[in-house]
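**Student:** From first to last, the protein sequence lines are chains U and S. Residues in the first sequence are numbered consecutively from 1, following the numbering used here. Residues in the second sequence are numbered consecutively from 1, following the numbering used here.
None of these hints come from the bench; they were simulated from the model.
Cβ-Cβ distance ranges computed for the label pairs, FRET-style:
hint, chain 1, residue 1, chain 2, residue 2, range
1, S, Ala-324, U, Pro-239, 50 to 56 Å
2, S, Asp-28, U, Glu-229, 52 to 58 Å
3, U, Gly-228, S, Glu-103, 44 to 50 Å
4, U, Asp-7, S, Ile-313, 45 to 51 Å
5, S, Glu-103, U, Pro-239, 48 to 54 Å
6, S, Ala-345, U, Pro-239, 43 to 49 Å
7, S, Ile-313, U, Leu-355, 57 to 63 Å
Using 27 Å as the maximum straight-line C-alpha spacing, the simulated DSSO-like pairs for lysine-lysine come out as follows:
hint, chain 1, residue 1, chain 2, residue 2
8, U, Lys-5, S, Lys-5
9, S, Lys-129, S, Lys-5
10, U, Lys-129, U, Lys-5
11, S, Lys-129, U, Lys-5
12, U, Lys-129, S, Lys-5
Covered by chain U, per the in silico footprint, the following chain S stretches (three or more residues, Cβ under 8 Å):
hint, segment
13, 59-71
14, 137-146
15, 251-262
16, 280-288
The beta carbon of each residue, even a glycine, is placed where N, CA and C say it ideally should be.
The primary structure of each chain is shown beneath.
There are 2 protein chains.
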Amino acid sequence: MMLTKNDRFAALATDNAPGQEVRQAAGDVGNMMRGEVLPGRLVDFSHGDVDAFSPAPGSFERFAEAVDAGARQAYTEYRGSADIRAELAIKLAAFTGAPVSAEQGTILTPGTQGALFLAVASLVDQGDKVAIVQPDYFANRKLVQFFGGEVVPVAMNYMARTAEAGLDLDQLRAAFEAGARLFLFSNPNNPTGAIYSEREIAAIAELAAAFHVTIIADQLYSRLLYEGEIYTHIRARLPEERVITIMGPSKTESLSGYRLGVAFGSAPIVERMEKLQAIASLRAAGYNQAVLRTWFSEPVGWMEDRIRLHQAIRDELLGVFREAALPTRTAQAGSYLFPRLPELALGQHDFIRLLRHQAKVIVTPGSEFGRTPTAFG
Amino acid sequence: MMLTKNDRFAALATDNAPGQEVRQAAGDVGNMMRGEVLPGRLVDFSHGDVDAFSPAPGSFERFAEAVDAGARQAYTEYRGSADIRAELAIKLAAFTGAPVSAEQGTILTPGTQGALFLAVASLVDQGDKVAIVQPDYFANRKLVQFFGGEVVPVAMNYMARTAEAGLDLDQLRAAFEAGARLFLFSNPNNPTGAIYSEREIAAIAELAAAFHVTIIADQLYSRLLYEGEIYTHIRARLPEERVITIMGPSKTESLSGYRLGVAFGSAPIVERMEKLQAIASLRAAGYNQAVLRTWFSEPVGWMEDRIRLHQAIRDELLGVFREAALPTRTAQAGSYLFPRLPELALGQHDFIRLLRHQAKVIVTPGSEFGRTPTAFG
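Chain U with its partners taken away, still in its complex shape:
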């Protein structure tokens, strides 16, 4: 069945997406309150707090130099400045443990969201089946549906154990047997903070090879690993052309305001992504690209300190949730927690509105991540 553009845009509802809270009317939320508005200042958990953490050293200076450089940096190739791609390819190869081609296999994008959009657009055609983890980053499902693809859900039992993400590998195999030729997943998982174990990554790679599946690996938080955690890069386990990996300096580095992403790996996919970027936004903002020079080049100990600070926040919040008897996976990485709520006397969206109005806490509803619309997390 072919979707019309009305269907496609209806599926793109953004009313409850992170960052859009300011556009929601408070409505009659006051009538649902039990007790008074709680004291304290507003806390927004829907996105990273670049005020709490200073940006990577030198980032603003690199931007300022790019403005001074002028046209050379304002009008880069669509896939981004060749110099900057050359620097990045070396760093990303070292980080992921597999070669990266600066010339053929790297593209700079407006944020990792830009990279995800271009990658999905390059690979998903009307009617294509795509395996998507439940729960996973809220845009994955929407992207596949926008391009006419069919989401084949694969469960992740993220509460079952903590040394693995808990991906249901039988369901993944069944998705591939049913015809899915693309697997899109975030690792660390957004929103649970689960990291896929080496065994799980090896099993995914083996299934992908057997079924000729292409992988889009969203590794946005793969630098923000908490103490003792081990990370396995799937691109080092499959032929280069089978995987496109997406990263970017964002919340971890407090650089989200520059909107920078990078996709690397498969040359044919990067080629398509660049063609589409040429009509979608031309390029990642030229001056902003220069900020990537600071990435993976932070001073010694800087990232370790940043991780320690994030881990302290995680531990404090986990303590609060556990005291309140809300089952919550211990995030192994990233800056999210995904608590499970008990039965509520009101619906999920009303609860979220009350949380904002009465407790001054902004969160993203669990339904955004692809679970049943009545459950919170």
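Position chain S against the provided structure of chain U, taking the given hints into account.
**Tutor:** Frame of chain U; chain S shown alone:
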């Protein structure tokens, strides 16, 4: 007939698009040379020269303030900062002569290319007919085709007279009679620099009203009007919901490196554009948005000086082309010229490569603008 993604990406060839010249191998171009390489430095006409013209005063300072402001400016709503939209709506209403809703009818995008992409994606469905001027901005055709639309060409006889753009209104009517319900055009026309006369805009508006056609008006260069030129805004001639207008600070203001665009007008179209932006790039880079505060707020006389300098370049180049007997429309606005070449002993693309290699002049081939592939301009 339904296009596969292979067809769609094949139609997106960017090899000869502006800015991609650095990715072209010189090949055996030397064998085609008559005479030697000419002396002089490289001149690149494929994009604006932000080195020759300094950016609008205060732009970098506004950016720096936004970085200091932190999260508030890093994470704006997807349609862009409410404060900045409020300022812009007033300025754009004054400029175009019709009201602009900051809240419902304005969206900030990554460049005007981002705005064009979102607008076309919001309005074009598989099989939809779209009227497109020939010649016009190179991406228009590609955008329509990427979303499965069918381009219905409408001729512009831009060499016929200079007080009008020369749009063939009979062909436009025929396109609407044939079922086109969207008309996408740039005014001033890119690449010829032609401005549509008041009579032409009135006629387009009348036809659009009669056939219930929606208009995407790309007005990127509508501030850069040469001496004595008059400009008519089509959005002031039609009901608000029928028109989406696209502008941005770019070559005119030497701000291209910040990648900023704004689309304004029809609230339902802006609503869709925001939904798509949420999965395409989230938002125009947060810090960059602040640069829009300088736009339409330049010091008195600043824009007039800028226009005078551009006009001097236009006149000098027109002199060169006329001396060489190359018929060229006198651009009324914008920073492009579109000379027509005589019969050549070699193909268009070889000529362009020779021009680059032998004369050190980079230009964009006329075929990119939708004319027959063998003609230059």
